[in-house]
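Undergrad: Residues per chain, in single letters:
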Amino acid sequence: MMICKYSYFTSGEHRIVYYFAPDVGNHTLFVLHYFRPEALGIVPGAIFLICLIFCLVGFATNHPSKLLDLNSALLSICFMLFLGFTDDVLEWPWRYKLFLPSVASLPLLCCYEGSRSVVVPIPLRTMLMIDGELTAFGRFLCHLVVVDQNADGSIINLGVFYLVYMGLLAVFCTNAINIYAGINGLEVGQSYVIGCAVLYHNLLEIQAGSLSSQNHVFSAMIMLPFLGVSLALLRHNWYPASVFVGDTYCYFAGITFAAVGILGHFSKTLLLFFIPQVINFLWSTPQLFKLVPCPKHRLPKFNAQTGLMEPSKMKRGETEFVNMTLINAFLQIFGPMSEQQLCIALLAFQTVCCMFGLYIRYNLACLVFDC
Amino acid sequence: MTAHLQALSILPMLPPLWVLFQLLYSNDVGRLKRVDIDATNFVDGGSLTATSVGGQLLVFLALGVIGHLGTHRLIPSIQYYMLKRGICGKDLGKKGTQSENDDM
Numbered sequence: 001m002m003i004c005k006y007s008y009f010t011s012g013e014h015r016i017v018y019y020f021a022p023d024v025g026n027h028t029l030f031v032l033h034y035f036r037p038e039a040l041g042i043v044p045g046a047i048f049l050i051c052l053i054f055c056l057v058g059f060a061t062n063h064p065s066k067l068l069d070l071n072s073a074l075l076s077i078c079f080m081l082f083l084g085f086t087d088d089v090l091e092w093p094w095r096y097k098l099f100l101p102s103v104a105s106l107p108l109l110c111c112y113e114g115s116r117s118v119v120v121p122i123p124l125r126t127m128l129m130i131d132g133e134l135t136a137f138g139r140f141l142c143h144l145v146v147v148d149q150n151a152d153g154s155i156i157n158l159g160v161f162y163l164v165y166m167g168l169l170a171v172f173c174t175n176a177i178n179i180y181a182g183i184n185g186l187e188v189g190q191s192y193v194i195g196c197a198v199l200y201h202n203l204l205e206i207q208a209g210s211l212s213s214q215n216h217v218f219s220a221m222i223m224l225p226f227l228g229v230s231l232a233l234l235r236h237n238w239y240p241a242s243v244f245v246g247d248t249y250c251y252f253a254g255i256t257f258a259a260v261g262i263l264g265h266f267s268k269t270l271l272l273f274f275i276p277q278v279i280n281f282l283w284s285t286p287q288l289f290k291l292v293p294c295p296k297h298r299l300p301k302f303n304a305q306t307g308l309m310e311p312s313k314m315k316r317g318e319t320e321f322v323n324m325t326l327i328n329a330f331l332q333i334f335g336p337m338s339e340q341q342l343c344i345a346l347l348a349f350q351t352v353c354c355m356f357g358l359y360i361r362y363n364l365a366c367l368v369f370d371c
Numbered sequence: 372m373t374a375h376l377q378a379l380s381i382l383p384m385l386p387p388l389w390v391l392f393q394l395l396y397s398n399d400v401g402r403l404k405r406v407d408i409d410a411t412n413f414v415d416g417g418s419l420t421a422t423s424v425g426g427q428l429l430v431f432l433a434l435g436v437i438g439h440l441g442t443h444r445l446i447p448s449i450q451y452y453m454l455k456r457g458i459c460g461k462d463l464g465k466k467g468t469q470s471e472n473d474d475m
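Line by line, the protein sequences give chains Y and C. For what it's worth, our numbering labels the leading residue of the first sequence as 1, then goes sequentially. For what it's worth, our numbering labels the leading residue of the second sequence as 372, then goes sequentially.
Hints should not be assumed to be uniformly reliable.
DSS-like, lysine-lysine: derived pairs with alpha carbons at most 27 Å apart [to be verified]:
hint: 1; chain 1: Y; residue 1: 290; chain 2: Y; residue 2: 313
hint: 2; chain 1: C; residue 1: 461; chain 2: Y; residue 2: 313
hint: 3; chain 1: Y; residue 1: 97; chain 2: Y; residue 2: 290
hint: 4; chain 1: Y; residue 1: 315; chain 2: C; residue 2: 461
hint: 5; chain 1: Y; residue 1: 315; chain 2: Y; residue 2: 296
hint: 6; chain 1: Y; residue 1: 296; chain 2: C; residue 2: 461
hint: 7; chain 1: Y; residue 1: 290; chain 2: Y; residue 2: 315
hint: 8; chain 1: C; residue 1: 455; chain 2: Y; residue 2: 296
hint: 9; chain 1: Y; residue 1: 268; chain 2: Y; residue 2: 97
hint: 10; chain 1: C; residue 1: 461; chain 2: Y; residue 2: 97
hint: 11; chain 1: C; residue 1: 461; chain 2: Y; residue 2: 301
hint: 12; chain 1: C; residue 1: 461; chain 2: Y; residue 2: 290
hint: 13; chain 1: Y; residue 1: 296; chain 2: Y; residue 2: 97
Partial pick of chain Y residues on the chain C-facing surface, computed with a CB cut under 7 Å [as the list claims (entries may be wrong)]:
hint: 14; residue: 43
hint: 15; residue: 232
hint: 16; residue: 235
In short, the hints are calculated from the structure, not lab data. Don't be surprised by glycine CBs; every beta carbon is placed ideally from N, CA and C.
Work out the full structure: start from the sequences and follow the hints.
TA: Next up, the structure:
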C-alpha cells in the first residue's frame with residue numbers, strides 16, 4: 001500500500017509529496033529533493049541549553065549571586081528558541097516578531113544590577129557644561145536624565161532609559177541576524193564570527209584583570225558552548241546546505257548575544273561587532289518601514305544559466321530597483337558570484353568589521369573617552 | 372563542507388584560543404590573582420585559587436566540544452523528523468541546478 005500526502009505552505013505554491021511504503025519494513029520516506037529540512041536551529045539550541053544547565057550546576061553553585069543572571073539568561077533563551085520554532089512552523093506576522101523579543105528580554109532587564117550611566121565623549125561635554133555651569137541643553141536634559149555635575153558633565157545617568165535601550169538591543173540582535181540572511185551558511189557563519197569576537201573580548205578582559213572579570217567569565221561560559229554548537233550546525237548548513245537553520249537559530253543566536261551583552265555589562269562593545277548588521281538594517285529601513293515596496297523574500301536571485309547569484313529586483317510601477325539589502329549591495333559592487341563565494345565574502349567582511357570593532361574598543365576609544 | 376573550508380572555519384576561533392592558552396599557561400600569576408580577588412566577592416564560604424579561572428574556562432571549553440559533537444551527530448537524525456512533519460523549505464539558490472536533486 002502506498003500513501004501519498006500533500007502539504008502546502010501559505011503561498012500555496014510549495015508542494016511536498018511523501019511516499020510511505022510500509023511493506024518494506026520501516027516506513028521509508030521519499031521527499032522531492034527540492035526541499036530541505038527547516039528549523040534545524042532547534043538542535044543546537046537544545047544542546048546549548050543542556051550545556052548551560054550543566055554550567056548552572058557547576059558555576060552557579062560556586063557563585064550564588066550569579067545564579068539569578070544564569071536563570072534569567074536561560075529563561076530568555078528558552079523563550080526565544082520557542083518563539084523561533086513556532087515562527088518556522090506557524091509563520092508569525094512581523095508585529096509579533098518585534099513585540100515578543102522585548103518580552104523575552106524582560107528577565108534579563110529585571111536582574112540587571114550594573115550601572116545605568118554612560119560616559120559622554122570628550123568633544124560633546126561642552127554641550128552639557130561650561131566652566132562648571134550647565135548649558136541650556138544640559139538644563140533641558142536634566143528634566144529627563146541625571147547629568148553628573150560633580151564630574152563636569154562627563155557622566156549621564158540614563159535611569160530607566162538605559163533599560164529601554166537594552167530592551168531595544170535584544171529586539172535588534174534577534175531581528176538583525178534574521179534579516180541579514182538568505183544564503184547557505186550566512187546566518188550561522190555571522191553568528192559564529194560575532195561569537196568568536198565576543199569570546200576574544202571576554203578573554204582579553206579576564207587576562208587584563210579588569211574589575212568586571214567575573215562578568216566576562218560568565219559571558220565566556222555562555223559563549224564557548226554556543227560556538228561549539230554553532231560550528232557543528234555550520235558544517236551542515238554550509239553550501240550546499242543539507243539543512244536550513246530557520247528563524248529558530250536566528251532568534252536563539254540573537255538573544256544569546258543580547259544576554260551576554262546585558263549581563264556581561266558590555267552592551268555598547270557588543271554593538272561594535274554588529275557593524276554589518278547595523279549597515280544592513282539602516283540600508284533596509286525604507287523597505288522595512290514600507291516607504292518603498294517590500295517583497296516577502298529579498299534574497300539574491302539565482303541565475304541557472306551562469307550558476308551565479310545576482311541582485312534581486314523589485315518593481316515599482318514601471319521602474320525596477322534592487323532590493324535594499326547588504327547582500328544585494330555586495331553583488332552590485334563586486335558583480336555576480338556563486339553562492340559559496342558570496343557567503344565567504346560576506347563572512348570575511350564580518351570578520352574585518354569585528355576586528356575593526358575590537359580596534360575601536362581598545363585603541364580609538366581613548367581618543368574620545370578618558371582612558 | 373570540504374576539509375580546507377573546515378580549516379578556514381577554525382580561523383576566527385584562533386585568537387580567543389590563543390588568549391585562552393595564555394591564560395592557562397601564563398606565569399603571570401599576579402594577574403590571575405587579581406581576577407580571583409574580584410571573584411571572591413561572588414563566593415559564599417570559600418575562595419577561588421589562582422588556577423580556578425583557567426580551570427573553569429577549561430570546563431566550559433570541554434562543554435563546547437561535547438556540544439559540538441552532540442549537535443553534529445543529532446542533526447542528521449532530527450532532519451528526518453522535520454521532513455516527516457513537513458517542516459522544510461525550498462532552496463531558491465539551487466533552482467535549476469544539478470545540486471537541486473542531490474540526496475540529503
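Undergrad: If you test the structure against every hint from before, which numbers come out violated?
TA: Nothing - there is no hint that the structure violates, so all of them hold.
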